[in-house]
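With the hints as extra help, turn the sequences into a complete structure.
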Amino acid sequence: MKDVVQGQLVHLTEMRDGDAEWLQDTQWEPGLLRNLSADAFHPWTAAEYAELAAEPDRDDKFFFMVRANADDGLLGWVILDDVQFKNRRADLGIALPVASDRGQGFGTDTLDTILSFAFNELGLHKVTLNVNANNFPAIHAYAAVGFVREGINREAVFQDGQWLDLYQYGILVDEWRQRQQ
Numbered sequence: 001m002k003d004v005v006q007g008q009l010v011h012l013t014e015m016r017d018g019d020a021e022w023l024q025d026t027q028w029e030p031g032l033l034r035n036l037s038a039d040a041f042h043p044w045t046a047a048e049y050a051e052l053a054a055e056p057d058r059d060d061k062f063f064f065m066v067r068a069n070a071d072d073g074l075l076g077w078v079i080l081d082d083v084q085f086k087n088r089r090a091d092l093g094i095a096l097p098v099a100s101d102r103g104q105g106f107g108t109d110t111l112d113t114i115l116s117f118a119f120n121e122l123g124l125h126k127v128t129l130n131v132n133a134n135n136f137p138a139i140h141a142y143a144a145v146g147f148v149r150e151g152i153n154r155e156a157v158f159q160d161g162q163w164l165d166l167y168q169y170g171i172l173v174d175e176w177r178q179r180q181q
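For what it's worth, full-length UniProt numbering labels the leading residue of the sequence shown as 1, then goes sequentially.
Source of the hints: derived by calculation from the structure; they are not laboratory data.
Hints are not guaranteed to be accurate.
Said to hold, decoys possible - Label pairs and their computed distance ranges (CB to CB):
| id | residue 1 | residue 2 | range |
| --- | --- | --- | --- |
| 1 | GLN159 | ALA99 | 15 to 23 Å |
| 2 | VAL98 | ALA144 | 34 to 42 Å |
| 3 | ASP81 | TRP28 | 20 to 28 Å |
| 4 | GLN6 | TRP163 | 34 to 42 Å |
| 5 | PRO43 | ILE152 | 29 to 37 Å |
| 6 | HIS140 | VAL98 | 28 to 36 Å |
| 7 | GLN181 | ASP91 | 34 to 42 Å |
| 8 | ASP81 | ILE152 | 30 to 38 Å |
| 9 | ASN87 | ALA54 | 20 to 28 Å |
| 10 | GLY161 | GLN8 | 16 to 24 Å |
| 11 | GLN162 | GLU14 | 19 to 27 Å |
Note that the Cβ used here is the ideal one computed from N, Cα and C, for glycine as well.
So, in structure tokens, the structure goes:
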């Protein structure tokens, strides 16, 4: 049986020594902060990143570091947040901070891997996410694994002196499984 946190290009792990410091250092990579839909007005410290990954016994949040299969090199992070077991749904967040790591299939493989975990291990029915309307590479990656745009939060993000829409995407377990066949 395929390891539940092992993809074709990446594997998902716990936060290890030095990872929080790496996240602190890479938060300034070009294009990262501006593509977050949440406010990011202050730099995060390594301690704040470590806190994000803390509390492993919580059932409403699953935080993983993303590592390359080829060399175990750190690529970023992915999270299932606001996990609701009654409603069998969760919100997804993902970041591959270093620009040179993007466009190589790592993001798409990370999405497939976390969706496998969400649907096959947690028994979720739906995973949702939000994305800025101008984040075309992310939108392409989400569509590639089967996410469907379900809504538009009009003019919800202020960037470069203008308002942008925020798209809501979702994927159902049956849609994801059909794409896996």
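How the hints compare with the structure:
no. : hint                          : in the structure
1   : GLN159 with ALA99: 15 to 23 Å : holds (18 Å)
2   : VAL98 with ALA144: 34 to 42 Å : violated (20 Å)
3   : ASP81 with TRP28: 20 to 28 Å  : holds (23 Å)
4   : GLN6 with TRP163: 34 to 42 Å  : holds (41 Å)
5   : PRO43 with ILE152: 29 to 37 Å : holds (30 Å)
6   : HIS140 with VAL98: 28 to 36 Å : violated (18 Å)
7   : GLN181 with ASP91: 34 to 42 Å : violated (26 Å)
8   : ASP81 with ILE152: 30 to 38 Å : violated (21 Å)
9   : ASN87 with ALA54: 20 to 28 Å  : holds (25 Å)
10  : GLY161 with GLN8: 16 to 24 Å  : violated (41 Å)
11  : GLN162 with GLU14: 19 to 27 Å : violated (40 Å)
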